[in-house]
Structures are given as structure tokens and as C-alpha cells.
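Peer 1: Residue strings, one per chain:
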Amino acid sequence: MRPLSYSRVADVATAIGTVAADPDSTFLAGGTTEVDLQRCSVSRARRLVDINDLPLRHVEELPGGGVRIGALARMSDAAQALPVRRRFPMISQALLLGASPQLRNMASIGGNLLQRVRCGYFRDVAAGCNRREPGTGCSAIPGINRGHAVLGTSECCIATHPSDLAVALAALDAVVLTQGPNGPRRYTTDEFFLLPGDTPHREHPLDHGELVVAVEVPPNPMASRSLYVKVRDRESYEFALASAAVAVRLDGGTVADVRLALGGVATVPWRARRAEATLVGAPATVESFAAAAREELAPAVGYGMNDFKIELARRTIVRALRLAVGDPQLRDGRPTGLLGADGGGREERA
Amino acid sequence: MTSYAETAGAVQTADTAVVRGPHAVVVRLHVNGTPRTVLVEPRVSLLDALRDRLGLTGTKKGCDQGACGACTVWVDRRRVLACLTLAIACETHEITTIEGLSDGVDLHPMQQAFLDHDAFQCGYCTPGQIMSAVAFLAEGHAADDDQIREWMSGNLCRCAAYPNIRAAIRQVRDAATNHLPATAAEGGSARPGPAGAGPASGGGPDATA
Chain P
11 MRPLSYSRVA
21 DVATAIGTVA
31 ADPDSTFLAG
41 GTTEVDLQRC
51 SVSRARRLVD
61 INDLPLRHVE
71 ELPGGGVRIG
81 ALARMSDAAQ
91 ALPVRRRFPM
101 ISQALLLGAS
111 PQLRNMASIG
121 GNLLQRVRCG
131 YFRDVAAGCN
141 RREPGTGCSA
151 IPGINRGHAV
161 LGTSECCIAT
171 HPSDLAVALA
181 ALDAVVLTQG
191 PNGPRRYTTD
201 EFFLLPGDTP
211 HREHPLDHGE
221 LVVAVEVPPN
231 PMASRSLYVK
241 VRDRESYEFA
251 LASAAVAVRL
261 DGGTVADVRL
271 ALGGVATVPW
281 RARRAEATLV
291 GAPATVESFA
301 AAAREELAPA
311 VGYGMNDFKI
321 ELARRTIVRA
331 LRLAVGDPQL
341 RDGRPTGLLG
351 ADGGGREERA
Chain B
71 MTSYAETAGA
81 VQTADTAVVR
91 GPHAVVVRLH
101 VNGTPRTVLV
111 EPRVSLLDAL
121 RDRLGLTGTK
131 KGCDQGACGA
141 CTVWVDRRRV
151 LACLTLAIAC
161 ETHEITTIEG
171 LSDGVDLHPM
181 QQAFLDHDAF
191 QCGYCTPGQI
201 MSAVAFLAEG
211 HAADDDQIRE
221 WMSGNLCRCA
231 AYPNIRAAIR
241 QVRDAATNHL
251 PATAAEGGSA
261 RPGPAGAGPA
271 SGGGPDATA
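In the order they appear, the protein sequences are chains P and B.
Residues 11 to 360, numbered by the working numbering, are exactly what the first sequence covers, in order.
Residues 71 to 279, numbered by the working numbering, are exactly what the second sequence covers, in order.
Bear in mind the hints are in silico, worked out from the structure with no lab data behind them.
We put the beta carbon where it would ideally sit given N, CA and C, even for glycine.
Among the clues, some could well be false.
[Said to hold, decoys possible] Simulated pairs of lysine to aspartate or glutamate, DMTMM-like, Cα-Cα distance not exceeding 25 Å: (1) B:LYS131 <-> B:GLU169; (2) B:LYS131 <-> P:GLU165; (3) B:LYS131 <-> B:ASP188; (4) B:LYS131 <-> B:GLU164; (5) B:LYS131 <-> B:GLU220; (6) B:LYS131 <-> P:GLU305.
[Claimed, not checked] A partial selection of chain P residues facing chain B, derived with a Cβ cut-off under 8 Å: (7) ASN62; (8) LEU64; (9) ILE320.
If we strip away everything but chain P, and leave its shape as in the complex, we get:
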């Protein structure tokens, strides 16, 4: 690891002012990405500004049933927070299915959203990588790309966005709140996570020194029975090959409303709008779910080793939707689903 200098700050204004004024600096929160990437010489920052003393750890319920999660809340704390568990189980599940208990105790919510891709070529400074070093090419397209994306890719980059949390936030229309040298800003997840296009090194619209201070999730009654399904090579402590965050509201046997987002298969947290549009008004059947999954993956592009992800993503969508509606034909379907033992379509009061 190259030499580093260190500052510790106690308030938001000093944190922003310090990083904004020093182009070689960056914020240090949980450190699980930054220290790791310092060690493999991928991070360029020469000075870390420790923001862990800032008062940004609070998780609070908002009027109307939304929730605001402070950017420095740890993954483990946010996952256990009652308003999150009760109102937005998909967020809690996404957090608890990510990383390991130790990493979840360290990693912050803001850092989770800003984490870098896990592409092996991005982490290998000897390899070409447009995201790390613009203009050096993408080694993954002709290379080892089993874990890479099939949606939202470009000729410049096919790295998968690694966050589970961000998938749930995309499904729920969450807003990322920042403070920066140019004042406070609010970003939708679509605005916050940039497609690689021909500028994969530009991952977020943030100015240097702009600090994520919180995430706000707007009220969503059907999210109280939402869920997150994650498919991976091993049962625990592994990134997704495909994942789905889903919330459904049924009217009788018809899909009245649905939120669906995908992880593990796209370069950004992927809101499945094509599938959503197909599902609304359709009967809540496996056939409808499969049709929606086909529609969502229609623009998918495989790169060889990751071709299987296209079919895996379809099946993950169908499985998540079946779990969400409590399909009794599903062998491990949960009895708490909307079509569960207590009859169809009833909204559970949180």
C-alpha cells in the first residue's frame, strides 16, 4: 500500500470542505472498499478523511411510513432497524444476504452505494480496464466474464454492479441525499447509478467532496410484504449471480401493482420496468411471470461465459414473483404470501 495521510473530522461541513479542497483526498467510512482498493493500488486517494464521527447513523421512520437511513448507519444496524424490517423487508433481506457479519458491522450504507465493481480486471492494475483507466480497453469482454453483466453493458465495460441493497432501493424509488460544495442534492437511483456507456469511470454524478448523507425510502404499503431473492454459487457470503427485489399487490387474482428490480446481471441496480409494465393487469400466474421475465431480458447480451445469466435471471424473476404471491405450487413457498393459507389478496397491516 502506498503512503497515506489521514484526517478525522467531526462535522459535515468540515468533511465536505476538506475533501473538496484536496483533489487527492476521499472520505473514509467503513473502509471495506477503500482500504481494500488502496492495498491493490486501485484507489488513487492519498489522503483519507475519516467521517465516522459525523452524526449520520440514525435510522428513522418518516411520517406516512417511509424511512430515512443515515449514510453512516452500518449494514448490520440498518438491517435490524425496526422500521426497515417492518416496512421494507426487501431492504433488510438484501442487507443480510450481502457480505459477512463482520463486513456488515463495518460497511456503511453510503459506502455500500458507492462500492466499486468486483470485476477481477478492475482490481488488477496490470490489466486493461476502461473503468479504472479510461482508454485501456475492457479485458472482461474477451476474458473471464462469468460473473459479468448481461444488461446495461457497453463496448467499454460489462462489470456487474455488486450491491444488493441498491437493488432493493431501485425497486422502491429511494432517493439518495447528498451535501456538497454546491449545496444539498437529491438523486433518484436512476440518476445516482450511471450506466457505463463510453464513460465507465464515471459511476455517479457526484462532485469531488460531495458526501452522501442519507437514503430516503418513500412510503409503499405493499413493500411490507416484499422480499429479496439472491441466487449465487454458494449459500452465503457471495455476490449474486442473479437477484430480484419484488413487491406485489394483487386485486383478486390480478396483479394490481408491482415493483421489481434485478441484481447480479446488470451494470447498475436494474429496475425491471419492462417486466413491471407487462405484469400490471395480468393474472398472477406463472405464465404471466414468465412472459414478464422474457420481456425484461429481451435486450440482454451475453458475453460467452455469462450467457447462462440470461436464463438464470428469467428464472429468478419468476421465482421471486411466485414467492411474493405465495404460490402454493412452489415447494418452498412461504405461507405468508398474498396467496397463502389466509386467502388471496389481503394486505397485511404492518
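Knowing the structure of chain P, use the given hints to seat chain B on it.
Peer 2: The following block gives chain B in isolation, referenced to the frame of chain P:
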């Protein structure tokens, strides 16, 4: 611009924070109940500071990139990875390592359980496994085998001693469920417990989180 910045709460881009390093600086740590001072560069991990500067070599360096769990210690009684933690960032926090777990020569019940169940082969991952296991029981999760597997997944064992590790954890879980905490029964010696623990004990609290 200025008026917008003022009303919108923008901040001046003045770099007012104290800069330490990149040369070695004095870092004050609190390890296993004892204040310690080390002279380290800001880039030095808590793991390297513990092992190379403080001689606390019980904590092991496995992958050094946050993947294996061998370096698990407690910071403020929560289990974390010492390899991805900078020593300088720990100055106001309380660090507990495997050396701080036993009460003098009396092993912590989890250490004894690992011996009783032969819960290791080469032993390199064992300190991290034990620090993680004690924290796991204190966190209040249900401690059936599925939950042990899930909540201990951050500690890899390349010898694959997992069945015996689970047996060791079950032993401590059952002792805590069936009896008063051992330390309380023995007169309440101050054995350290991680965050979430009730009375300082080797076992976990009730599983009702």
C-alpha cells in the same frame, strides 16, 4: 451562486482538518483493557499494528483483503475485520483480541469448547473463528445449525473443520441456555463479552433479540 449556496447550506471549500502522516505518527489504542501507544503510518492496518507492533500475534493474517475472517477482532465489542481497519481510525475505540478473551489462565468457554470438540486442524483460522463465534452467540440470533452456518460464514476454514466448529458453538450455546452464565456462577469474574451480551459470559444471551 453565493446566495444559493447560503440558502442551500453549501459549505466553503476550506481544508481545515488536521493532517496526520504520511510519515509515522503516534497512535493511541486501547487493546484488551490496556492503553497502548504505537508509532505507525496512517496506512498501517489494525491487524499489522496488533501483530507487528504490539506483539499480539494471536490475530492471524489470512487473505489481507477482507475475504477469510482470520483477522476477526472486536472493535467496541462488535466483530470486524482487522485487515480492512486502519489502526489510526481506532483511536477512540476499544479493541478486543483473542488474547483478551481468556480470564488469566482460565480459557473462555468457547476456547475450551474448540479444544473439547477438536474444532480445528491447522488452527490458523481458529482465533478468528472463536472471536466470531462468541460475538455470534451474543448477537442473539437463533443458534440452530442453519443459523450457525449462515452467521459464521465470514470465517473460512480451509481444513473444513466446520462440523466440529458447529459442535463447539452448540456446546457453549447449550451451556448458556441450561445454566446461569458460568462466570456469574463462579462469582462474576470480569470476562469480556461482546456487544449484545448480557452479563459477561462465554455463552450468548437468550435468543430473543
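Peer 1: Give a verdict on every hint.
Peer 2: Checked hints:
1. Distance restraint check for B:LYS131 and B:GLU169: the Cα-Cα separation of roughly 15 Å lies within the 25 Å cut-off, and the hinted pair is therefore satisfied.
2. Between the alpha carbons of B:LYS131 and P:GLU165 the distance comes to roughly 39 Å, so the proposed pair goes past 25 Å and is violated.
3. With a CA separation close to 22 Å, the supplied pair B:LYS131 and B:ASP188 stays within the 25 Å bound.
4. Taking the CA atoms of B:LYS131 and B:GLU164, the gap is about 20 Å. The hint holds against a cut of 25 Å.
5. As the CA atoms of B:LYS131 and B:GLU220 are separated by approximately 23 Å, the hinted pair is consistent with the 25 Å bound.
6. Distance hint between B:LYS131 and P:GLU305 is unfulfilled; the C-alpha atoms sit about 48 Å from each other, more than 25 Å.
7. Taking 8 Å as the C-beta contact cut-off toward chain B, the hint placing P:ASN62 at the interface holds, the least distance being around 7 Å.
8. Look at P:LEU64: its Cβ only gets to about 12 Å from chain B, farther than 8 Å, so that hint breaks.
9. Given the 8 Å rule on beta carbons, the hint for P:ILE320 is violated: about 28 Å separates it from the nearest Cβ of chain B.
Comparing the model with each earlier hint shows violations of hints 2, 6, 8 and 9; every other hint is respected.
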